[in-house]
Structures are given as C-alpha cells and as structure tokens.
Amino acid sequence: MIPGPQDQPLFDQGDLIRPLNEHDRTTLVVDNEHLIRSAFANSPEKGFESLFRLYYLPLCSHAVRFVYTQEVAEDIVGEVFYQLWKTGAYTAIQHTYRTYLYAAVRHRAHNYLRDELTGTRTVSSLDQVDDGRLDETPQTLIEYDELFQRVEKVIHELPPQCQRIFLMSRFENRKNQEIANELGLALKTVEAHMARALLQLRRVFLATVSILFVVFPGLYPLPG
Amino acid sequence: MEDIVNKAVLFDYFSGRVSPLQKKSVESWLDGAGNRDLYYQWLHEWEMSRLQVTANWQYAYGKTMSRMNNSADGPQMEKQQPNRRETGIVRQWINRSWLIAASLLLTLAVCGWLFRDALFYKTVRTGFGETRSLTLPDGSTIVLNANSSLRFLRFGFGEWTLLPDASYQSLRTVELVGEADFSIRHLPNHQPFIVMTPKGVTILVLGTQFTVFSRARATRVALRSGSIRLTSHEKNERPLLMHPGDLAVLNEQGKLALTRTPHPETMASWKNHRFSFELTPLREIADILRENYGLTVVIKNPQLANRTISGSFTARNANEVLQLIAQLLQINYARDNNHVSFTD
Chain A
1 MIPGPQDQPL
11 FDQGDLIRPL
21 NEHDRTTLVV
31 DNEHLIRSAF
41 ANSPEKGFES
51 LFRLYYLPLC
61 SHAVRFVYTQ
71 EVAEDIVGEV
81 FYQLWKTGAY
91 TAIQHTYRTY
101 LYAAVRHRAH
111 NYLRDELTGT
121 RTVSSLDQVD
131 DGRLDETPQT
141 LIEYDELFQR
151 VEKVIHELPP
161 QCQRIFLMSR
171 FENRKNQEIA
181 NELGLALKTV
191 EAHMARALLQ
201 LRRVFLATVS
211 ILFVVFPGLY
221 PLPG
Chain B
1 MEDIVNKAVL
11 FDYFSGRVSP
21 LQKKSVESWL
31 DGAGNRDLYY
41 QWLHEWEMSR
51 LQVTANWQYA
61 YGKTMSRMNN
71 SADGPQMEKQ
81 QPNRRETGIV
91 RQWINRSWLI
101 AASLLLTLAV
111 CGWLFRDALF
121 YKTVRTGFGE
131 TRSLTLPDGS
141 TIVLNANSSL
151 RFLRFGFGEW
161 TLLPDASYQS
171 LRTVELVGEA
181 DFSIRHLPNH
191 QPFIVMTPKG
201 VTILVLGTQF
211 TVFSRARATR
221 VALRSGSIRL
231 TSHEKNERPL
241 LMHPGDLAVL
251 NEQGKLALTR
261 TPHPETMASW
271 KNHRFSFELT
281 PLREIADILR
291 ENYGLTVVIK
301 NPQLANRTIS
311 GSFTARNANE
321 VLQLIAQLLQ
331 INYARDNNHV
341 SFTD
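Sequence lines, in order, name chains A and B.
Be aware that the first sequence starts at 1, since it is given in my numbering, and climbs by one per residue.
Be aware that the second sequence starts at 1, since it is given in my numbering, and climbs by one per residue.
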C-alpha cells in the first residue's frame, strides 16, 4: 500500500499497515547500551562521557518540547546527569540508561512546566526529585506525551508575530527591548505578545490552577 | 493488542497523529513487560530524527564533571561554575527568596486569619465575682458584671462602614455576652450605638442609660433614660421602641416582650455589689450564683427552691451572699470549693 499524505484522517485504518516512513529508516541508535556498560566498567568518567555523547542532545531536544526554553532544558538535563553521577545511581540502573534518563528528564520537565505555568514553583521542583524512584504507569507516560503535544499545538497556533517574538525570547534568549528594537515595535507591544503567548500556554495546565483567597473578616454577631 | 503497536504507530503517536483508539492500544501495550524500555528506545529514535536544538554535549559533560569535582571539595563549587550555571543558580536563588517571601506572607495571612479576633477586636472579660468599668473611645462608659465579655473593634470603632446595599452601618458597635450596664454618650452627629447579643437581640441606642442581661438562661434589657430600639432575629418582627422604665425580655419563642419595671436601676445594682431581689425564688438565686461566681448549687428540697427573697442587700463575695441567704431563709448551706448545697 502506498503511504498516504501526512494530513490524512486519523481514522484511516491504512495507518496500521503502512510501511515505515523516512523517519524509521533513519534509525541512528538501536542499542548501544552495551558500549556504555563497558565504558562504565572502565571508569565512571568514561561511562558518563558516552552517556553525554549519546543522549545529551536528544534529551535536551525532548525537554524543550515541554519547557520551550533551551536554557531551562539544558539545566534540567544537566541536573539529571549530575544527580545520576553524584548519587551513584548509575551503578544500579534497573533497565537501560536510556529509560532512566528519559523518564527523569520528562518528569522534571513536566514539573518545571507545571510550576512555571501555575505559579507554584517550589524548591523541590528542580532539586529534590528522586530520579531513580519514578513511578511510571502507562497513564503517566501518555499524560506526558499529551502535555508536550499540547504545548506544541498552542505555540503552533499562536499568531505569526506572537510566535516569532515568543521564540526569539525563549530560544535566542533575547530581552524584550532587543526584540522591540529589531522588529521595530514598541516595548509594550512585545510585552503584550509575550503575555499573550504565556496566557495561551497557561491553558495547558488550566485545570490545576488554584487561587488563594484571603478573606478579611467583617463584623458579625458572636456565635450563640 | 500488542501486534498492532509497532514503531511506525509509536512514531505517529509521538507526533500526535493517532486516533484515540490507537492511543488506547498504545496504553495497553505499555503495560506489557519490557515495552517501557522499547517505548523509550523508540522515543529516543523519534527524537533523534527530529532534533530541535543544537547543544554541545562536550561542554555540558565538562561542566558536570567540574561540578562533581567541586562538590567533593566543598562549598567553593558555585564560584567556579561557568557563567550560565551562575545565572541558573541566581535564578534559583531568586525563586527561593520569592518562595520564602510568599510563605511568610501566607503564614502572616493564616495567623491573621486565625487570630483575626485578637487582631481586629478588643475583648474585655471579667472573671467570676469580678466587675469592671471601662470607657470606650467615644466616651461611653460600660460596667461589666461578673463572668461577662464585651467585644468591639480595635481600629475604626465609632466609624461608619458601607454595606452592600449602599446603606451605612455604624461601627459604634459592641458585642456582649453576659451582663453590662451602659451609659452611652449622645454624639453631635446622632451616630447610633449598637449592642449585639448572642441570641440575636440587637439594641440600637442614641444616647442613654440601660442595662443588658444576656446570659444562657435569659436575655433582658432594662432602660433607665432616653430611648432605645430593639430588634430580634425574627425578620418580620417590628423593632421594639423602649422608653424609660421599660423591661424587655426575650421569651422562649425568640420574641421580645415588653413589661414595665418600677426600678430599672435595680437590674444594675450589682455595680455597687448589691443584690436586689423581689420575690425572687431561691432557684433563681442559684442561677445568679452560678453565673456570677461559677458555683454549682444543689437544692435538696423542691419546696425550698420555691421560697422567695425580697429586698436589697450588699455582698462583696460569694460567701457573703451565701451567708445572707442562709440567714434570711433560716436554712443551712455547705460549700465545698465550687459546690454549694442548701438544706432545710
């Protein structure tokens, strides 16, 4: 059967028996983990060097799908590697290093995004996560996948100028004033675009947003 | 189920291009042994085929290694971090200080909420056998009888507050539990003085002298001079206008009834440590002893409980009252701490 166009209906049953597309053919890594293991047998430094070489870039690329800031993504991935090294958890990897690293990065990226968008940043978000004890169910795996897909969709659906400004700010690490100068816009306009993008992003987590009401007491009769 | 999930399906799934049914089959496939590792292998391959960033792994590796070495050496670790790590730490630190500020604020708010009474209200309490006189910021004087409490606004007493229905409520307001005698100053702007009681009786005053008895067993108001307006919980009940010499009593049905009393001041005779009885049964005197001195009174004989006392007497403490009663009725009493029993 001939592969259908990318935008074919979701329910096309042809999907199931479609031949592998180009992405499948460009398989770069199948299982290099035995190489990593032998490197670790040599020394932790060698082991981590091969871990970094193999997984650092794709992990950053994956974390960016959640947090949409390269700097934050690199911090998250770097922290996962650092914790793996510091705690000595690399000596007791249950499955594969790959599973450990992806699960940990996704978990931290998810928490970071949740905290950023719901404004509930806690110390535990980045530091006190036990990467080795993640309780992953099929539901959490799918929940995380749906999350980064929703983020992607929201950013994809931003108006062109808004999207451009958002990406300049997040990926090129540019200040609002610089963006305004470069695009010939008022600072306020840039800020408005950024606010709009963030507002849209917040919808990804809207369900969990909680508001703290502080109610001041009025004069009321004493209880009988 | 498992055979319909393959790498191609998972790739489409990662790209968000699968039907809900396919997603469901991915979910059940993930439950299979070893499939989680396969899932991550394919996620990794999928990611490798559509990388979104460029990042230097050698740099990151070197950074992590120096972090490792420095953390072994102790606290100098932060100093030797490359620039970007430093901004990361500064950001974390700022986040942390925001967190601390926020939690402090929250703690304050919670404390403020928990202690809002102490914060917003001043409460004056009297113990058993104690009376106390106080002057409010508006110049009114109040004498509290024993075992009573008066609560009023610490800030803003005597001001006005805007109600939701656009009317103003006077904050010259006090809440009373127990007994008190009021001498309310009439203000030039005729601002009313309001006394609220637990049973829902509210007394609206311009400037006058009156006594309120508001305890568990009864709510009574006696007016000596001026005029006051009473309202009860009952919404459809008309406010009761009291004139000097009036005694208002809240009955069991929660309705206010008005009677005349020739000596309204006797209801406040406790101010001078005097007890005014007028055919008052011993049963009621037992209530007074309980309310004012915290005594538990037992009257063995029901006939004895119905015997009455009339007259005005001075007694400075519970023992003097007990002796007085015993003499008048020619009976005996025994006191053991807070327990008193009367016998023929």
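Be aware that a few hints might be false.
[As the list claims (entries may be wrong)] Straight-line alpha carbon distances no greater than 27 angstroms define the calculated DSS-like cross-link-like pairs of lysine-lysine that follow:
1. A:Lys153 / A:Lys188
2. A:Lys46 / B:Lys63
3. B:Lys63 / B:Lys122
4. B:Lys300 / B:Lys255
5. B:Lys24 / B:Lys7
6. B:Lys23 / B:Lys7
7. A:Lys153 / B:Lys7
8. A:Lys175 / A:Lys153
9. A:Lys175 / B:Lys63
10. A:Lys46 / A:Lys86
11. A:Lys153 / B:Lys23
12. A:Lys86 / B:Lys63
13. B:Lys271 / B:Lys199
14. B:Lys24 / A:Lys153
15. B:Lys271 / B:Lys122
16. A:Lys188 / A:Lys175
What the hints contain is simulated information worked out from the structure, not anything from laboratory work.
No experiment lies behind these values; they were computed from the predicted model shown.
| query | Does lysine 7 (chain B) lie within 27 angstroms of lysine 23 (chain B) when you go C-alpha to C-alpha? | reply | Cα-Cα ~13 angstroms, so holds.
| query | Has the given pair, lysine 46 (chain A) with lysine 63 (chain B), been kept, meaning a C-alpha gap of at most 27 angstroms? | reply | OK: lysine 46 (chain A) and lysine 63 (chain B) at ~15 angstroms, within 27 angstroms.
| field | Given pair status - lysine 153 (chain A), lysine 24 (chain B), alpha carbons within 27 angstroms | value | holds, 21 angstroms
| field | 27 angstroms Cα cutoff - pair lysine 175 (chain A), lysine 153 (chain A) | value | At roughly 25 angstroms apart (the allowed maximum being 27 angstroms), lysine 153 (chain A) and lysine 175 (chain A) satisfy the hint.
| request: Starting from lysine 153 (chain A), check that the Cα of lysine 188 (chain A) is at most 27 angstroms away, please. | output: holds, 26 angstroms
| said: For a C-alpha distance cap of 27 angstroms, please report whether lysine 300 (chain B) and lysine 255 (chain B) respect it. | reply: violated, 34 angstroms
| request: Quickly compare the C-alpha distance for lysine 153 (chain A) and lysine 23 (chain B) to 27 angstroms and report which way the hint goes. | output: holds, 18 angstroms
| When you check the alpha-carbon spacing of lysine 175 (chain A) and lysine 63 (chain B), does it fall within 27 angstroms? | holds, 26 angstroms
| query | Taking only the CA atoms, is the gap from lysine 86 (chain A) to lysine 63 (chain B) under or equal to 27 angstroms? | reply | holds, 13 angstroms
| query | When you check the alpha-carbon spacing of lysine 188 (chain A) and lysine 175 (chain A), does it fall within 27 angstroms? | reply | Cα-Cα ~13 angstroms, so holds.
| query | lysine 46 (chain A) and lysine 86 (chain A): Cα distance at most 27 angstroms? | reply | holds, 15 angstroms
| said: Check whether the Cα positions of lysine 153 (chain A) and lysine 7 (chain B) lie no farther apart than 27 angstroms. | reply: holds, 23 angstroms
Hints 3, 4 from the earlier list are contradicted by this structure; the remaining hints agree with it.
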